[in-house]
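Chemist: Sequence:
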Amino acid sequence: MANKTVIGKRVVVKLPWKGVTNNKDQYVKMKKPVAKALGFTIAKTSELYYEVSINEKDKTGEKVGGKQTIKRPIRAGYKQRSFTLVFDKQIGNLEGNSKAFKSLTFPVTTSVSIYDVIKHFEGKTLNGAKPIQIITDKGQSYPLNAA
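Be aware that the sequence shown starts at 92, since it is given in the working numbering, and climbs by one per residue.
Do not take every clue at face value.
[Stated by the list, open to error] Computed Cβ-Cβ distance ranges for the label pairs, DEER-style:
1. Lys158 - Asp207: 37 to 45 Å
2. Val143 - Gly219: 23 to 31 Å
3. Ile161 - Asp228: 34 to 42 Å
4. Glu153 - Asp228: 53 to 61 Å
5. Glu213 - Glu153: 50 to 58 Å
6. Gly230 - Lys158: 24 to 32 Å
7. Glu147 - Gly219: 49 to 57 Å
8. Val177 - Tyr141: 41 to 49 Å
9. Val143 - Asp228: 20 to 28 Å
10. Val143 - Pro234: 38 to 46 Å
11. Asn236 - Lys158: 39 to 47 Å
12. Asp179 - Gly230: 35 to 43 Å
[To be verified] Capping the alpha-carbon separation at 30 Å, the derived lysine-lysine pairs in DSSO-like fashion look like this:
13. Lys215 - Lys180
14. Lys229 - Lys210
15. Lys193 - Lys210
16. Lys215 - Lys229
17. Lys221 - Lys180
18. Lys193 - Lys229
19. Lys221 - Lys210
20. Lys148 - Lys158
21. Lys162 - Lys210
22. Lys193 - Lys215
23. Lys158 - Lys193
24. Lys158 - Lys180
25. Lys229 - Lys180
26. Lys148 - Lys162
27. Lys193 - Lys180
Treat the hints as calculated values from the structure; they're not laboratory data. Note that the Cβ used here is the ideal one computed from N, Cα and C, for glycine as well.
Start from the sequences, fold in the hints, and give me the full structure.
Modeler: Listed below in structure tokens is the structure:
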């Protein structure tokens, strides 16, 4: 079970994880190794959003000509769920990146059962650090059994 995606669902791994890095190159470098180590498949932007053209309006709501292209989530009106994975120690020097982090936040693109997520992470390690807890976007905390 170590290298499977969470019940076949695609999960987008977004960086920086709340202050890990503001450097775009580092962001891109860290994305794939972390996802690979945790057994994720990274969702493509095209799988998460679609582009739509809308008429530009002024503050009163009047059309002012021109069009604007914006990105909208594929599941309109659906609040994207996320979970935070907390490790037992700081993780640093991942693929040559010097920033250390102790928790990672993953937005989930589809409705995934927290119990499936827990099963997926039990027994995994990332650079020697074990995940010890999962916190949902609603603040619920679930401990993980160490392998």
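Chemist: May I ask which of the numbered hints given earlier this structure violates, with the numbers listed in increasing order?
Modeler: Hints 2, 3, 4, 6, 8, 11, 12, 21, 23, 24 not satisfied by this model.
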